[in-house]
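Chains as they are written, first to last, in this note's numbering: chain V, 1 to 416; chain W, 1 to 274; chain D, 1 to 289.
For the record, the hints were derived by calculation from the structure and aren't laboratory data. Every clue listed holds true.
Below 27 Å or equal to it, Euclidean Cα-Cα: the simulated BS3-like pairs (lysine-lysine) are:
1. V:K233 x W:K43
2. V:K223 x V:K171
3. W:K43 x V:K178
4. V:K404 x V:K223
5. W:K70 x V:K62
6. V:K288 x V:K158
7. V:K272 x W:K43
8. W:K43 x V:K171
9. V:K280 x W:K43
10. W:K43 x V:K149
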Amino acid sequence: MRISRSFRSVAAALLIVLAIAPAAETPVAAQGKTITLSMLAGYKEDVLRANLPEFEKKTGIKVVVDAAPFGDLYKKQLLSLSTGGRYDVLFMDEPWIPPLSEFLLPLNERMKALDTADFIPTTVASGAFNGTQYAVPVDPNVQLLVYRKDLFEQKGLKPPATWDELLADAKALHDPAKQQYGIAITASSDIQTALYMLLAMWSYGAELVDGGKGSLNSAAGKKGGEVFLELLKYTPPNVKSYNFADVNKAIQLGQAAMAIQWASGAKPMEDKQRSSVAGKLGYAQVPKAVRQTPMRGVWTVGIAKNSGNQGAAWQFATWLSGREFGQAAVKFPSATSAIHSPRFSVLKDPATKAALPYADTLLASLQITKERPRLREYADIQENLRVTAGKLTAGELTLDAALKEIDAGTNRILGK
Amino acid sequence: MKPTRLRATLTALALVPVLVWTLFPIYWITTASFKTELALYAKPPQWLFTPILDNYTRVLTNIPFFQYLKNSLVIAIGTTLGSLVLGTLAGYGFARFRFRASEAVRFLVLVTRMAPRMVLVVPYYLMMQRLGLLDTYTGLLVAYVSFALPFSIWLLVGFFVDVPLDVEEAAMIDGCSRLGVLIRIVIPIAAPGLVVAAIFAFLVSWNEFLFALILSGVEAKTLPVVIAGLNTDAGPLYGEMSAAAVMVMLPNIVMTLVLQRYLVKGLTLGAVKG
Amino acid sequence: MTAGRAGRWFLLPGLVFLFAIDLIPLAYSAWVSFYNWWLIRPRDVRFVGLANYTRFADDPEFTRAVVVTTLFTVGAVLVEFLAGLGLALLFVQPFKFLRPIRVLLLLPLFVVPVVGATMWRVIFHPELGVLNYYLGAVGLAPLPWLSDPRLALVSITLVDAWRTIPFMFLVMYAGLEVLPSELFEAAAVDGASAWQSFRHITVPLLTYIMLLAVLIRGMDAFREFDIIFVLTGGGPGTATQTMQMLNYRAFGLGHMGEANAIGIVTLVIVAVMCLVLMRAVLRPQGARG
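Based on the sequences and whatever the hints tell you, model everything.
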């Protein structure tokens with residue numbers, strides 16, 4: 001019958017396809033060494049891939065890149081390392097280092113061979129835990145204040161240096177009738193909300209964890225929280241659904257006069273295809289109150305303890321954190337973002353300043369950053385912070401209740 | 001219930017809002033793939049505009065797109081075949097061969113789909129690791145067939161049970177084996193059911209993300225993982241994601257156009273009446 | 001027909017495969033749920049009995065998640081079932097112009113869920129999105145699609161419906177297509193109205209398919225994650241935080257025991273829902289099933 005004949009031919013065709021399609025296995029190097037890298041997918045992967053041939057030519061080491069999206073990279077690395085996995089080198093965000101330290105190779109001895117004086121000191125600290133160095137910095141990130149130079153000039157304002165000035169400037173530039181808003185931050189259940197709130201509280205002197213206990217519920221914490229909530233009055237409406245990308249959009253489309261944003265989000269603001277205010281932006285350090293505490297977030301590279309290719313892996317780590325790659329990365333024509341080098345030499349380079357208008361502010365901020373608590377349990381603590389901050393901005397909790405809940409969660413997680 | 005012009009007109013009118021609702025986001029994604037991000041958010045919204053190809057070129061140059069396409073295609077076709085074969089056999093078995101625990105076993109088949117997929121990630125990962133199937137086509141194929149099979153079985157049972165018994169019995173009296181009856185008589189009559197099962201299995205495999213992420217990484221990496229990677233730590237790349245999504249849609253459309261010929265009744269009018 | 005020996009050969013391949021690949025891992029997960037297993041401390045695995053489960057009993061966040069998940073599931077399945085059935089009935093009519101449009105209706109299924117949800121976020125954007133723009137153009141106030149707790153739940157249901165009505169349509173359409181036309185012709189000759197035909201011929205014959213569609217969709221809606229995660233991330237606050245979000249969170253932090261416990265609870269709830277539905281629909285019918 002016609003039907004069964006065509007089914008039969010389809011089946012035959014498919015068997016043929018399946019026969020030729022190889023049941024691929026992870027490649028084994030025939031000649032030279034091969035290392036497997038767990039990498040972040042996206043533009044960082046693009047930069048890496050563009051420069052890998054250079055590395056492979058120089059050292060004869062082949063690098064197999066296993067890239068995963070940002071939201072899932074930690075999970076994948078944790079699962080692999082915890083079950084005796086197959087990665088030699090890992091590209092990790094610094095908060096992951098304490099929990100993953102158990103599976104990483106200590107690098108203290110090897111670090112001595114590196115030109116560590118060229119690294120910004122805080123970036124090196126990002127790869128350490130309990131006195132042992134587990135990873136080398138590759139791509140530092142820090143919170144910056146972005147502002148519209150033109151709007152500030154119009155109103156004769158200076159970029160704010162303190163949180164009080166920030167509030168005043170935001171109020172002065174807030175004009176909802178004209179769809180112009182003072183500042184763009186998030187007030188959703190996205191993690192950025194918690195980090196903004198933490199930044200404010202840090203600035204007034206509060207600490208998330210102090211002496212092994214949750215300590216955000218303090219006078220300083222309360223003041224910081226109040227300032228944060230006050231700031232929300234001068235934001236675009238509906239910030240309750242905002243995430244990282246929406247903050248960018250608010251600046252790019254000319255809605256917000258200011259924003260607090262990570263340096264990694266700055267480059268798209270200068271891309272003419274995405275931003276209507278390219279070239280009109282100024283960059284400053286985040287405002288201070290009692291102290292100035294831009295939040296640090298550094299991407300690092302570490303080596304798995306059970307890697308069979310530690311020598312090759314170290315060569316790769318050296319190259320990735322090196323000057324050459326740093327300079328090539330800055331010059332990479334990606335409009336979506338950039339890899340910032342952790343090295344003084346690269347950040348001070350005129351070529352870098354030409355490519356990244358915020359390079360100076362980045363460099364200055366990196367030298368005074370504050371790190372989030374270096375604890376194995378930090379991911380859990382941050383999750384609790386995130387959910388509670390979301391409930392606070394959604395009106396499900398008062399500030400006092402939120403502070404209590406954050407500390408209670410922290411203590412529960414730390415087993416106190 | 002006679003088809004009249006009035007009914008035709010009413011039907012057409014009813015379809016207009018349905019199509020607008022269904023197709024508008026598709027249109028938006030397609031146009032987004034040809035726009036800059038600024039244009040995407042333009043006010044008033046741009047319905048007609050000069051398209052740019054930058055998003056497509058960026059996606060195709062930065063990513064070895066065609067290799068991932070091949071991976072996704074092979075795995076999806078394999079999943080469809082596997083679920084169809086196993087599903088048809090099991091479906092026919094349940095439809096025609098009742099035994100005491102029939103219902104319970106069939107419910108158990110469905111139970112495998114009641115737990116959130118995340119729960120299966122670690123055991124699958126460990127299983128594939130032990131079997132050396134990590135980052136291979138086979139590993140993902142096995143996982144995806146297991147996802148698509150329960151629904152396929154249940155669906156096909158429903159369609160097979162509707163096939164008139166006398167036709168089958170007549171064929172068997174004529175010397176046809178059970179398997180022959182299944183292939184030559186039952187399948188053609190139940191063709192629409194098989195089409196749905198095939199489309200479903202293909203889509204399960206094609207759009208699946210979590211297991212592709214965990215169980216593959218380099219060699220067997222599929223398109224959904226690649227697309228998720230366009231959701232960068234600096235925000236989603238709307239243009240590139242849309243371009244990738246449009247390209248990813250095309251094989252599905254082709255597959256459906258091919259299969260939908262069989263989505264009609266009366267394929268074997270002769271056999272039924274005979 | 002009774003179980004002939006031939007029956008074994010039809011059933012075994014599929015069943016053996018499924019039980020080996022699915023039931024064993026499920027059993028493994030259930031077993032893990034009785035332990036405290038934190039991935040970052042792989043050597044510190046402790047048996048804790050039912051502790052992972054009892055913890056939910058006094059966790060208001062968990063009960064809230066169950067409520068949110070149930071609300072979403074019931075709402076989504078209802079809308080999708082009715083719309084899918086309606087569309088299937090519409091398309092089963094013998095009009096030539098319907099055939100080429102079928103594929104168009106299925107397009108939402110072909111969009112990778114993450115991209116679909118991301119684009120809907122763009123459409124839903126409060127100031128810059130298309131929806132609010134046109135609402136404003138006709139003089140209505142812009143809606144806070146994703147930032148109002150109650151509206152957010154509606155919005156995610158909307159997007160899920162957009163994505164899944166095509167599937168419901170497809171399943172029920174296929175089911176309608178194989179119904180023998182002689183029955184309808186005979187009924188028409190006897191003077192039955194369209195509604196009577198529908199109620200007394202279509203519904204009984206299509207019961208199994210409709211039930212299956214609802215069951216499958218119910219199971220999937222209860223386990224839905226991607227769309228909700230991209231659209232609202234569980235917010236605002238905890239307004240759209242489903243059990244899957246909690247599961248994802250526990251899993252992402254490496255707490256396998258807790259994550260699996262949530263998974264098993266989900267399984268039990270879904271299993272009970274399915275059993276209840278099946279009993280309610282199939283027993284009184286006395287139909288095959």
